[in-house]
Amino acid sequence: MIINNFMRLIIPSRSQNEAFARAAVTAFAAGLDPTVEEINDIKAATSEAVTNSIVHAYADRIGNIEILARILEPDIFYIRIKDKGCGIADIKQAMTPLFTTCAEGERAGLGFAVMESFMDKLRVTSKPGKGTSVTMTKRIKSRYEQN
Amino acid sequence: MGTAEITNNGERLIVALSGEIDHHSLKTLRGVIDVQLENYTPRLLVLDFREVGFMDSSGIGLILGRRRIAESYGGKVVVKNVSGYVEKLIKLAGLGAMISKQQEVCRK
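Note that the protein sequences, when read in sequence, are chains R and A.
Residue numbers 1 to 147, in the numbering used here, belong to the letters of the first sequence in order.
Residue numbers 148 to 255, in the numbering used here, belong to the letters of the second sequence in order.
Hints listed in this document are in silico derivations from the structure and should not be mistaken for laboratory results.
Heads up, some of the hints might be wrong.
As the list claims (entries may be wrong) - Covered stretches of chain R, as calculated for chain A (at least 3 residues, CB under 8 Å):
1) 33-46
2) 49-62
To be verified - Derived list of chain R stretches under chain A, where covered just means 3 residues or more per stretch with a C-beta under 8 Å from a C-beta of chain A:
3) 16-22
4) 85-95
Predicted model only: the values in this text are computed from it and were never measured.
The C-beta atom is built at its ideal place from N, Cα and C for all residues, glycine as well.
With the hints as extra help, turn the sequences into a complete structure.
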């Protein structure tokens, strides 16, 4: 596929950057002329991945999160969210809906479930001690198809 | 930034949430709601999502955490005025039964 446009954003893992990250990503994705529902899906999936990096990957320190978004012509939105945090030992377990490592019980354990169901494709690669990379794509249906 | 406006009549605590609910705003929202919840132990906690522009699974955590507190003293939690998008998230979490379809005007 031809990469028509891309953006790269690096932010420290501070929780106030969650809103900024998803706003920046959705503003970029607007280039594909998505519907409100598609934008909400991308916004939520981005928010989940960035929050995971903040809450889990960098649980006890501030580190960088790199967000790479691409528009793959004609209609695919691609996003990769990468951190150099603690990594995930058991990805399958981490992706199980309702599974959470947060003891105080305020995390729903639904981050990956949201990413999986709101985007078309989700791929997670991780190395304990090295970091985690979450790649997602979503096909944005053209206005003609929707009408 | 998510905010919560609270109406409390002793029996029923109505929390009108607004703005964006994420892991960041959750800390503030949780604090504001829990003070009321723990002090007044209302029979019913209504979480009103009418003015919520965005939420991610942190919003589900907010609902689950408040339900846990309410159930600890025999209270109940319902959510209302959810948009199609918020409803999709709530159903994904298997909490569809908590959505109240009842139309009521109890806001200030």
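(message) Of the numbered hints stated earlier in the document, which are not met by this structure?
(response) Failing hint: just 4.
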